[in-house]
Amino acid sequence: MNRAKGVVLFALCFVFGRKQSSGKERYLILITNNPKFQSDPEPRCDTEYIAGSYRDVLILVRDRIHQGHRLLSHPLSGSVKPNETPYKSILISKNTGGLDMDSLQIIEDSISTCDKFMQNPIKYGHNNQDALLADFSEVDYRLIVAAIASASR
Amino acid sequence: MKLELGNIFIHDIQFDDLSRVENGVLYINEEELREHLLEDENISSVSFDIAKPGESVRIMPVKDVIEPRVKVEGRGGVFPGVISKVDTVGSGRTNVLKGAAVVTTGTIVGFQEGIIDMSGPGADYTPFSKLNNLVVICEPVEGLKQHAHEKAVRFAGLKAAAYLGRLAKDLEADEVESFETPSLIESFRQYPDLPRVAYVQMLQTQGLLHDTYVYGVDMKQSITTMLYPTELMDGAIISGNCVSACDKNTTYHHLNNPVIRDLYARHGKELNFVGMIITNENVYLADKERSSDWSAKLAEFLGVDGVIISQEGFGNPDTDLIMNCKKIEAKGIKTVIITDEYAGRDGASQSLADADISANAVVTGGNANMVVNLPPMEKVIGHVKLADTIAGGFDGSLQPDGSIVVELQAITGATNELGFNRLSAR
Chain A
0 MNRAKGVVLF
10 ALCFVFGRKQ
20 SSGKERYLIL
30 ITNNPKFQSD
40 PEPRCDTEYI
50 AGSYRDVLIL
60 VRDRIHQGHR
70 LLSHPLSGSV
80 KPNETPYKSI
90 LISKNTGGLD
100 MDSLQIIEDS
110 ISTCDKFMQN
120 PIKYGHNNQD
130 ALLADFSEVD
140 YRLIVAAIAS
150 ASR
Chain B
0 MKLELGNIFI
10 HDIQFDDLSR
20 VENGVLYINE
30 EELREHLLED
40 ENISSVSFDI
50 AKPGESVRIM
60 PVKDVIEPRV
70 KVEGRGGVFP
80 GVISKVDTVG
90 SGRTNVLKGA
100 AVVTTGTIVG
110 FQEGIIDMSG
120 PGADYTPFSK
130 LNNLVVICEP
140 VEGLKQHAHE
150 KAVRFAGLKA
160 AAYLGRLAKD
170 LEADEVESFE
180 TPSLIESFRQ
190 YPDLPRVAYV
200 QMLQTQGLLH
210 DTYVYGVDMK
220 QSITTMLYPT
230 ELMDGAIISG
240 NCVSACDKNT
250 TYHHLNNPVI
260 RDLYARHGKE
270 LNFVGMIITN
280 ENVYLADKER
290 SSDWSAKLAE
300 FLGVDGVIIS
310 QEGFGNPDTD
320 LIMNCKKIEA
330 KGIKTVIITD
340 EYAGRDGASQ
350 SLADADISAN
360 AVVTGGNANM
370 VVNLPPMEKV
380 IGHVKLADTI
390 AGGFDGSLQP
400 DGSIVVELQA
410 ITGATNELGF
420 NRLSAR
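If you read the protein sequences in the order shown, they are chains A and B.
Residue numbering for the first sequence follows numbering that gives the first Met the number 0, starting at 0 and increasing by one per position.
Residue numbering for the second sequence follows numbering that gives the first Met the number 0, starting at 0 and increasing by one per position.
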C-alpha cells in the first residue's frame, strides 16, 4: 500500500471508527439484571434483561448453556463479591450446538461460589444505598463493555 | 540486563520549606508538590498528610501505594510510557527512597476498600504500616466519571512519587543491590546443571477499576509477553486497580515483587532464574484461552523446568490461574501457584472458584474472608465520610466505639498473592 492510500484509510478509520464495528456483536447475547443496559444504546447486541437477582442471572445462563449456547464471558467478572453487588451481566453465544462442557463447568462452579458467599449475605449499603448501587451498576457495565470490545476484535 | 538499586534509607518524613533528603529525613514542600499535582484539570484540590509507623492513624480508602525512585544511570526514567517517555528501563542504576511511600486516597466508588492502620492489630496485616507514608488526598472536579477519576488519582500518585524520587538523584546510596539477567543462551552456559525456572505473573485486567498498565499500555489489550525482571524495578508495570484491597498488587508491590527478589537470591545457587512472562486476566473467555496458550508456549520456548505463577484478585482470575497451571504442566513443566482464599469466615469452604489436579503445589496468601476487629484510631486520613459507608458498607460494621469489624479483604495487601505479607503460618 502506498503512503497516500494508507493516510486515506487511516482517516476513514478515524472518521468511522466509533460507529463501525466488526459486526461480531450480532453473534452475542447479553443476559443481565443491570438496569443501566436498559437505558443505554450500548452495547449493540441482543440483550435479555431480567428483573432478578445476581443468582437468577447465573441460573438463566446455566439454562441457556443446557440449551446449547456457549458461555463467552466469565460469570464472576469483577473483584466484587456476589453478596455485595446485586448486578451481573454475562455474554453467551447466540448460536447453539451440542452441550459445551467447559461452559457448564464454569457456570456450575460460579453458582457454587455465589452460594458460598450468600451463606453470609450481609450486604453493602445500609447507608448511601443509591450511590453504591450506581457504582456497582457502572462497574458491571464497564467490565462487560470491555468484554464485548474483546469479542468484536 | 543488569540493574543496581541504590537504597537511601528514610526513617522520617516532615513538611518543610524546601523539599530535600537529609540525614535519612524526607522533607517535603507541600505547596510546590500541590501545584505540580493541580496541573491536572480533573483534580480540584489536593491535600497531604503524613502517617508514620506506630501512630494511631487509619488511612482509607487507599487506592495505590508507590515507592519513590529515580533513574541515576542507564536508559529511560521511572514509570516509562506514563511519567517518563517510552524507553526500555531496567538497566543501569536507580535510587530508591527505601522506607518511604506515597499513598493515594480518593473515593472513586462507594464500595471501595483499602485500609492501612499504622498501629494495632490491623497494622500487622499490611506491610505499608511499616513505612513513612506521604498520603495524597485528591478531590476530583464536579461530575468527573469514575474511570477519569481513577486515572487522575493514578497519575497524581505517580507524579508525587516521581517528584520525591528526583530528590534522591544526586544522593549517595546507603546500600547498593545488584540484579542481573543474562541472555538465555548465556544463562544456560553459566548454569548448565541448575534447574531452569521462570516466573509467570498474572496481571489484573478485567476493566474499569481493575486494570494494569505495562509501559503505559492497558494490559487487557495485550497478549502474553515477556519482560526482564529488572524492568519492574523501574516501574514498567503500574497499578490501575482499585478494588479487592487485600489481593490487588499496588505499584509498590510491582516495584518490590518478592517472587522476583527471591528468585534472584537463589539464582546461580539453587536454580537458574531465566526471566519472566506477564499475562492478563480478561473477562472474555476467548482472551483467557489465548493468553494461557501463550503463557504455556512461552514457558516451553524458554526451555524451563519449572515456573512460579502468581495470581492477582479472585473469582474470575481463578479460572486464568488454573488455565495457566494446566497448560504449562501439560508441557511437562512443573508449576507452583500463588493465590489466596475466599474460604468463608470459618475457612471451611472451597477456597477457589476453579481447581484442577495439576494444581498440586499451591502457596496461599491467606483467607480473605477472615474477620478481624480493628480498634478505633485517633486520626483517620482520607475520606472520613467513608466510615458511614463502612458501617453497612463492608461485610461487617462500625462499632459504637469507632472500631471496625471487617473481613481481611478490606486491608491493603493483607492476602497479597505475591507473598508480600508480614504474617505467615511458619
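No lab work stands behind these hints, which were simulated from the structure alone.
Check before you lean on any hint, since a few could be wrong.
[What the hints assert, rightly or not] Now the stretches of chain B that chain A is said to cover, found in silico as 3 or more residues with beta-carbon under 8 Å:
| # | region |
| --- | --- |
| 1 | 179-190 |
| 2 | 201-212 |
| 3 | 285-296 |
| 4 | 322-330 |
| 5 | 341-350 |
All C-beta atoms in this analysis are idealised placements derived from N, C-alpha and C, irrespective of residue type, glycine included.
How the hints compare with the structure:
no.	hint	verdict
1	179-190	violated (count 0)
2	201-212	holds (count 6)
3	285-296	holds (count 3)
4	322-330	violated (count 0)
5	341-350	holds (count 5)
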